[in-house]
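**Q** If you want the building blocks of each chain, they are given just below.
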Amino acid sequence: MKELLNEKLTKQFPEIHFEVIEQFDELTFKFDKSAVVPVCKYLKETDGLKFNLCEDVTAVDWATRKNRFTVVYHLFSMENKFRLCLKVDVDESECSVESVSSVWRAANWPEREAYDMYGITFLKHPDLRRMYMPEEFEYYPLRKEYPLMGIPGAVPLPKK
Amino acid sequence: MQKLTKDDVHPKIVQALLGADIHLTIDDALENEMILNMGPQHPATHGVLRMLLRLDGETVVACVPELGYLHRGYEKMAENMSYLEFMPHTDRLDYISPPANNVAYALAVEKLAGITAPPRAQYIRMLLAELARMCSHLVAIGALAMDVGALTVFLWGLREREKILDFFDVICGARFTTSYARIGGVASDVTSDTLKNITAFIDQFEEKFDEMERLLNGNRIFIERLEGVGVIEKDDAVDLGFTGPNLRASGVEFDLRRATPYLFYNEMDFNIPVYTEGDCLARYFVRADELRESAKIVRQVIDKIPNGEVMLNSPKKVLPRKTEIYTKMEELIHDFMIVNFGINPPVGEVYHAVENSKGELGFYIVSKGEGQPWRMKIRSPSFANLQAIPHLVKGQMISDVVAIVGSIDPIMGEADK
Amino acid sequence: MGLESKLTNDGFFTTTVDALAAWARENSVWPMPMGISCCAIEMMASGDPKYDISRFGSEVMRFTPRQCDLMIVAGTVTYKMAHVVKKIYDQMPEPKWVIAMGACTSTGGMYRSYNVVQGIDQFLPVDVYAAGCPPRPENLLNALMQIQDKIGKTRVKDFPDVPQAGFESKQNELFLSKN
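Residue numbers (our numbering), protein chains in the order written: chain L, 1 to 160; chain W, 161 to 577; chain C, 578 to 756.
If you're looking for bench data, these hints aren't it; they were derived computationally from the structure. Among the hints, erroneous ones may be present.
To be verified - Mimicking DSS-like on lysine-lysine, the simulated pairs with C-alpha atoms at most 27 Å apart in a straight line are: (1) L:K160 with C:K730; (2) W:K394 with L:K44; (3) L:K30 with W:K528; (4) L:K33 with W:K528; (5) C:K627 with W:K172; (6) W:K323 with W:K172; (7) C:K673 with L:K159; (8) L:K33 with L:K144; (9) L:K160 with C:K627; (10) L:K33 with L:K87; (11) W:K323 with W:K456; (12) L:K159 with L:K124; (13) W:K456 with W:K368; (14) L:K2 with W:K528; (15) C:K627 with C:K734; (16) L:K144 with L:K41; (17) L:K30 with W:K271; (18) W:K456 with L:K81; (19) W:K368 with W:K464; (20) W:K356 with W:K368; (21) W:K356 with L:K41; (22) W:K323 with W:K368; (23) L:K160 with C:K664; (24) L:K144 with W:K356; (25) L:K87 with L:K11; (26) C:K727 with C:K664; (27) L:K50 with L:K11; (28) L:K81 with W:K554; (29) L:K159 with C:K727; (30) W:K394 with W:K554; (31) W:K528 with L:K66; (32) C:K627 with W:K356; (33) L:K124 with W:K172; (34) L:K50 with L:K87; (35) L:K124 with L:K66; (36) C:K727 with W:K172; (37) W:K271 with L:K87; (38) L:K66 with L:K87.
Generate coordinates for the entire structure from the input sequences, incorporating the hints supplied.
**A** Encoded structure:
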């Protein structure tokens, strides 16, 4: 399966460099964020690949200066019973990536959650609002600089 | 439920409700229609789920669910505690079937650390996961029946569930939030007396469940309230991220116990119930059939369980036995290091998913070689299942919304994390 | 209860009415189950045939605050949910009591994080704290019995419905502040 994927992807997208990581029996492809939607569309629709279930879209904060965030996509192909992981690096200065909710509608809410927790904007998302925190909340909780106990007064409490 | 004016609802939510009709201003959009708030505190929403419905008379035109009323910050907390300390938190995710979550988390961390639990521990984990699935489906069927008016089924389901909780009490030490699985095995052994009692329970369970089904399957009110309500097609279901019994009720035969087998499920003989109608009644039937299949699996597990130990003997990654800690030096040092600094898995990341009673529960753990994870993401089935509510509820009436939410069976503890 | 407000001295008649009213109140406590998370499941379990809560008079678990006098807050209260809990508490008519069920409502429990209120007594007056995570149904029934003891000691002059001089009930405060 790994060779099939590698071959098909490099043939279809010759200008993109795919970095292949294989660890703990899992396959990960890492590439540039500008090609996210075409690659995902190709993975969903091609025969032999058919990654039709988008399990999760999430982000990781590495707390480095360059390429601070990584957006991670977990895909599953029900026909081939194969799980694939895609990774895309996002820099803090240009904190946005294009949304894949046009490819899988299941990516809608996980992307909103990533926006809520990390502040990564998803372009062309149909409804980008905060997921868990109230709308007036000004911070992004899962970033590494946000303290665990929160900032007192960030969300008001009712009076006794 | 109260009628809201445009000042009460946040403008972004109003915009999401109005959807494609953005050329209408707020003032005239609400001339004939109404925004109704099925608030976080409501007898029919399973937990704290807030739904804003845009109604045209009694028919729902659009719906926007709002989560976050139970967001406890699990992922942030996980970055600050060791892998072993996080085990009680996994109980409270899908809080109707806690042992299943413990097993899922233990499997994910073991995959990362590169160890495998001994066979007896894996069989015990399977036993608990299936008993937990039975607990969860009993409550789900009971709550669905209660929402549409059949109160007796709920109490009978809880009565059977109490018997299962007694077994959890004896095996795990706690009846509800068990925290039983450990990294490298399970916390303590199961005696043969307990296994005999579980077999006796399963023997009488089949007829008790038949009684419960007899109340519902021929009941005209139950069938008419659920048949044809909230229909979702096969392709829509997969596209919207459904997994678990909801997906199998739409005609897709997909079960992670068969697709990516874990524990010893490939040696067990069980069927996967699949129905094609995709409505609330099909989802109920899938859960009822899964209860019987789980009972079958429990019987097979008890027959096949091997003898052996229940914790792996790998001192660097697994807590050593208490008798050895008090007598040997090496084990004492390892215990100290593991409890204070955590097991140190190799650098890398892993995503492991199991088939929980609601769907696919997955843990994505990123490790930088320290005792605490760098990032832990919990892929919860209820979060993904709730995404489909706006699609399912369009064109139905308010009382159907209640039935639909009941048949999807969300648990807000895992949807909100 | 117009009769009660007229009887303010501690004569024989008053103490009998006191005892009767307190007995009636304590044996028909109707709980308002503010079931938020895992403790709600144990609250449901305390209503099932094994740990029957209806033998204490509390079978009627109405989900509407207007008909209840005891609020059992069961589950973790987050900052977003706190406003909802307070709103529902304000909608309950006097006299009312609160059980904080579980560790999360008493002190924030095992969740020391940015979104969990570390104890609901920061915004609600709590009468009984039930410890446990979650408390066993027997523990919840024990808390209910303690509330019953507390109610049994009340006197009618604790709940005036006509505001006396210098005393303003909460309902009056809300009414006055709106206009």
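**Q** State for each hint whether it applies.
**A** Each hint, compared with the structure:
| no. | hint | in the structure |
| --- | --- | --- |
| 1 | L:K160 with C:K730 | holds, 25 Å |
| 2 | W:K394 with L:K44 | holds, 16 Å |
| 3 | L:K30 with W:K528 | holds, 19 Å |
| 4 | L:K33 with W:K528 | holds, 24 Å |
| 5 | C:K627 with W:K172 | violated, 47 Å |
| 6 | W:K323 with W:K172 | violated, 47 Å |
| 7 | C:K673 with L:K159 | holds, 18 Å |
| 8 | L:K33 with L:K144 | holds, 22 Å |
| 9 | L:K160 with C:K627 | violated, 37 Å |
| 10 | L:K33 with L:K87 | holds, 9 Å |
| 11 | W:K323 with W:K456 | holds, 17 Å |
| 12 | L:K159 with L:K124 | violated, 40 Å |
| 13 | W:K456 with W:K368 | holds, 15 Å |
| 14 | L:K2 with W:K528 | holds, 26 Å |
| 15 | C:K627 with C:K734 | violated, 38 Å |
| 16 | L:K144 with L:K41 | violated, 32 Å |
| 17 | L:K30 with W:K271 | holds, 22 Å |
| 18 | W:K456 with L:K81 | holds, 25 Å |
| 19 | W:K368 with W:K464 | holds, 26 Å |
| 20 | W:K356 with W:K368 | holds, 19 Å |
| 21 | W:K356 with L:K41 | violated, 53 Å |
| 22 | W:K323 with W:K368 | holds, 12 Å |
| 23 | L:K160 with C:K664 | holds, 11 Å |
| 24 | L:K144 with W:K356 | violated, 51 Å |
| 25 | L:K87 with L:K11 | holds, 19 Å |
| 26 | C:K727 with C:K664 | holds, 24 Å |
| 27 | L:K50 with L:K11 | holds, 17 Å |
| 28 | L:K81 with W:K554 | violated, 33 Å |
| 29 | L:K159 with C:K727 | holds, 25 Å |
| 30 | W:K394 with W:K554 | holds, 17 Å |
| 31 | W:K528 with L:K66 | holds, 18 Å |
| 32 | C:K627 with W:K356 | holds, 23 Å |
| 33 | L:K124 with W:K172 | holds, 16 Å |
| 34 | L:K50 with L:K87 | holds, 18 Å |
| 35 | L:K124 with L:K66 | holds, 25 Å |
| 36 | C:K727 with W:K172 | violated, 47 Å |
| 37 | W:K271 with L:K87 | holds, 20 Å |
| 38 | L:K66 with L:K87 | holds, 16 Å |
Comparing the model with each numbered hint stated earlier shows that hints 5, 6, 9, 12, 15, 16, 21, 24, 28 and 36 do not hold.
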